[in-house]
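Chains as they are written, first to last, in this note's numbering: chain A, 1 to 648; chain B, 649 to 839; chain C, 840 to 1190.
It is worth saying that the hints were derived from the structure and are not from the lab.
One should not assume that every hint holds.
[What the hints assert, rightly or not] The calculated label-pair distances, taken between Cβ atoms and stated as ranges, are: (1) Lys718(B) <-> Phe70(A): 50 to 56 Å; (2) Glu609(A) <-> Ala783(B): 51 to 57 Å; (3) Leu736(B) <-> Glu549(A): 52 to 58 Å; (4) Gln534(A) <-> Asp811(B): 22 to 28 Å; (5) Phe70(A) <-> Ala783(B): 25 to 31 Å; (6) Glu68(A) <-> Val813(B): 26 to 32 Å; (7) Trp1092(C) <-> Gln829(B): 50 to 56 Å.
Note that beta-carbon positions come from the ideal geometry of N, C-alpha and C, so glycine has one too.
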Amino acid sequence: MKPIQLHDFSGGIHPNENKIQSTTLEILDAKIPEKLILPIAQHIGAPSKPIVNPGDIVLKGQLIAQGEDFVSCNLHAPTSGVIGDITQKSVPHQSNMAALCIEIITDGKDKWVKHQGVENYLQADASQLIEKIQQAGITGLGGAGFPTHVKASIPASKIDTLIINAAECEPYITADDLLMREHAHEIIQGIEILCQILKPKQCIIGIENNKPQAIETLQNSISSLANNSHHIQVASIPTKYPSGGEKQLIQILTGNEVPNGGLPADIGIVLQNVGTAYAIYQAIAKGEPLISRITTVTGDACDQPRNFRVLLGTQVKDLLTQANTNLKKTSRLIMGGPMMGVTLQDAEVPVVKTTNCIIAASKHELPNPAMEQACIRCGMCTQACPAQLLPQQLYWFAKSSNLDQAKAHNIGDCIECGACSYVCPSNIPLVQYYRFAKGEIKQAHADKIKSDGAKKRFDTRTARLEREIAEKEAKRKARAEAAAKKQADKKAELAKNPAPSEPAPQVDIEALQKKLDATKMAIEKSKAKLAEAQATNSAKVELLQGALEKAQAKMKDIALTISQAKKDAKSPAGTNTEKSSVKVEATDVIEGLKQKVLAAKTRMEKAQERLNMAKEQNLDTVDALQLGVNKQKEKLDAAQKNLEEAAQ
Amino acid sequence: MNIILIAIGALVVLALVFGAILGFAAIRFKVEGNPIVDQLDALLPQTQCGQCSYPGCRPYAEAIAQGDEKINKCPPGGESTINAIADLLGVDPEPLDAEHGEEKDVKLLAVIREDECIGCTKCIQACPVDAILGAAKQMHTVIAKECTGCDLCVEPCPVDCIDMVPVEQTMQTWHWEKPSQIIATDKVKAA
Amino acid sequence: MKLLNISSPHTSRPGNTGNVMRRVILATIPGILALTYFFGPGHLIQIAIAASVALGCEASILRLRNKPVMFNLLDYSALLTAILLALSLPPYAPFWVTIVATAFSIIVAKHLYGGLGQNPFNPAMVGFALVLVSFPVAMTTSWSAPTELLENGISFSQALELIFASREHIDAITMATPLDVYKHQVGIETASEILTNPIFTDTSSPATATGWIWVNLGFLLGGIIMLSRGIFTWHIPVSLLGTLTLLSLLIGWDNDQYVPLSLHMLAGATMLGTFFIATDPVTASTTPLGKIIYGAGIGSLIYVIRTWGSYPDAVAFAVLLMNFAAPFIDQYTQPRTYGHTKAVRGLAKKD
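If we strip away everything but chain A, and leave its shape as in the complex, we get:
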């Protein structure tokens, strides 16, 4: 195995390491607290879904939340106890917002659920191992929290290098260091399991040269392997921040750059944190899901800074107490390191899968940020940037909210490592400017998609309305033409044959009858609503009454129209006979009049019948029908009169 040729990445800084404080003592198992708070979203991807309910009894290692999509993660109970409430609680996020958390009231018994590792895991099938990793809920423990089974699922044919990130470049954090010192053997086993899954051609553990003991223990473990078939080797790299960044470590160990917008898998590399390798070993060899991690507790306000093996969900205040922290002295509480960590507003938030460090800093240690001065364009930020960006230009663009230029100058490639802010002599909070700009760009992008969608809908609607108007126009035209044609046809037919056609008015009556029924129903409904409103004495009474009256008037109109139409239908001969009455002979007149009287009689009887029916049912059509009846009576009398006159 030839030694790895190291390259360098541009820029980088050398802040004070401050690691010695927490490396003097060995890892201590933190005490089981009274309650554990477990957020369901401790990873990148879709939040998991709780599968327990408040009051359920759970055992240590029991599944309590199921990952929903492929890019999601399971969550297990870190110890035995009872599920408390499942509600919104404050979680460690810079926004200080709350998220859904499962609370467990511990019973102190720490009883394990039945669990079992994979036998002969070094010869096991890759898919079986991946499934076990997925079931164990393992995410990247380096800080990002990407579900491990997704990375492990990359086809082995694409991968030729597995890199284990043991750099731990950020000051103060020593969790990985202590883990490697005390559990090197398990870590190497975990790496072997990963190699079994991904089958890389080489496997490199990248570790900074400020961890000589860890390098030694790892090398000893590798030497004690029966055969280093996967060519695992340790590469000691110069101490520089941020050499532990994924992209930077890849550049150091291989000299290649991850292409923009791509993943390390695109250049055949998979990178995993050393803590993740340890968790993989625990899951595969012993069947233990991810329920605890190593966390450094340090800072001036801590009397006894050290590393803890802490159960996930332990509240920060419990950990701080175990490290003898003076909370009054703490002016800044950070989860993470001093370069990229988030400030916590209170110590109630829990430790999550990605918590590698808690810093309880005094004011002297991390003084309040100095006032921002004018940028003198010194270019020290450009010299420090590991992504080869121009932080100064990005600052000017972000400050003037010039999002287009910021995007064009690759602000998306900023890894927010903080090296530029660190070196800036004017104390400008550069990283905050970039975070602001990135947030604005993301929001502007979402707004653009929404407004494009709105524009499309508006255009479609406008087109639809125009189309409807055009169709109505066309229909109206067609009807007018048809009517005109009909008139012409009628005239032609009359010239030949004076027999009238009946069906048209009939159809009208049916349609009008339907309308009448509909209006009747509506009136019933609004009457009911009005009664209700009157009962509750609501303000809508007037409105509803108005609506009711309108509907009733409408109904009257329709009823009138129907009766008129029916009349016309029954006596079309009336109109035509007027026309053709000229031709009727005198002798036929009496006959005609007799028929008229008969017809009028029948009509009146029918109208009377309807009126009686309406009176019985107490319908509102009574008045209209009464009018109708009167009219029919008049007509009947008139017809009889005519007959008598003609008979004389």
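Assemble chains B and C onto chain A, guided by the hints.
Chains B and C only, in chain A's frame:
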């Protein structure tokens, strides 16, 4: 005399040559349509709310392009849109015309109180982006994803059952604010 | 406990802008000592005038702009500008020349463009260029002869009198600068003849000028100190001096026809300009490749103006001309970002 004639001749020839070049360029590089309208439309927020007194964003863009219209009439677009339009047209930006409404800090969404809806379809007809789902005498509801917060549905509702509710910020939409430069004297005063 | 709620990073390098500026001011001390020793106390008086005017102007403008006065004065930028300007001006220039130059550089060249960090042109050079063009007589006849060449040297009271009061006896102590002498005599006399002028140390090659060589070496020392402290990077000084050397050797190798290289480097304001003026971060290019181009541009312009222009010393104009170009150079020399195949060129286009 000769010299004057030569000078005049030279100038005439130059004028003809450059005139020909310009004429050729005017025809060869002619841009169809009025791209400025499209560019203006792309800057507007597409809420189609009509607060600018035009029936939609494109008619407002067309009016601005014709030079008849002030650029400060769009409340949903706010100051950033006014500045962008001013930038595009090369004019001075003006503060938002308060007559047409005020720029709201938070985005609003329409929400129908379903118990009170009478199914009259008036709001459906009023919505410029068809974001309300419903039919006559059936329940109406606002499709939250498509609602632009334009406010046009609130008035037509005869039973006044539509509320404009501010959109809540989630952890996914939260982001850092721009660092504020509090000058030293302010800090001292505040302390 | 009231906990801070701010963005990472939570730690930074100690020091602020004031520290950087102070270091630069301290680095000018070797050069100032050499100047005082060889040319009398004139420069000290000019520094005093310029510093008081600069601080006064800056304080009043800051008050007008409603900015905290002491906080901004303590970044030492006005003081640095005043010192550099005073070192560029002739030591016995009348006091009103200094006042005009300083006031103009602070008020117009710095604050009217937006204050510290916003000015596109080097303020000290703007002030210098203004008075050079406006008061040519005062500027060209105020250069001091090296005190070794004068019988009695120059006393402090004499210097005060010359600067503030009557300038009757100015001719007794002034002399043209070496570059001026050589430039105007070249072509008429041969090199060895020119070098017989007492202002030059001896007639042998390489030509050196009395006093001026030590001044330039003093500023060179200051520059190297700053370079080692990381105040600026090597790009600008190396490319500037390199280009100047290259052009001088390629074009002006004949000492009888052109000013020799040793005078270019060690007589005149070359070292002051290289390490204190051209490296001014606000007005220079910021990208590594850009800095090299910027430095090379200044170097070539210095040579061109000195040889074929009408001014014997051209640092001010060369710097100002390249200040014009610095933003453009910056846009087209951006480094390639990690993971990208090509570097960004220019500003983003509007689609």
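*Which hint numbers doesn't this structure obey?*
Violated: hints 2 and 5.
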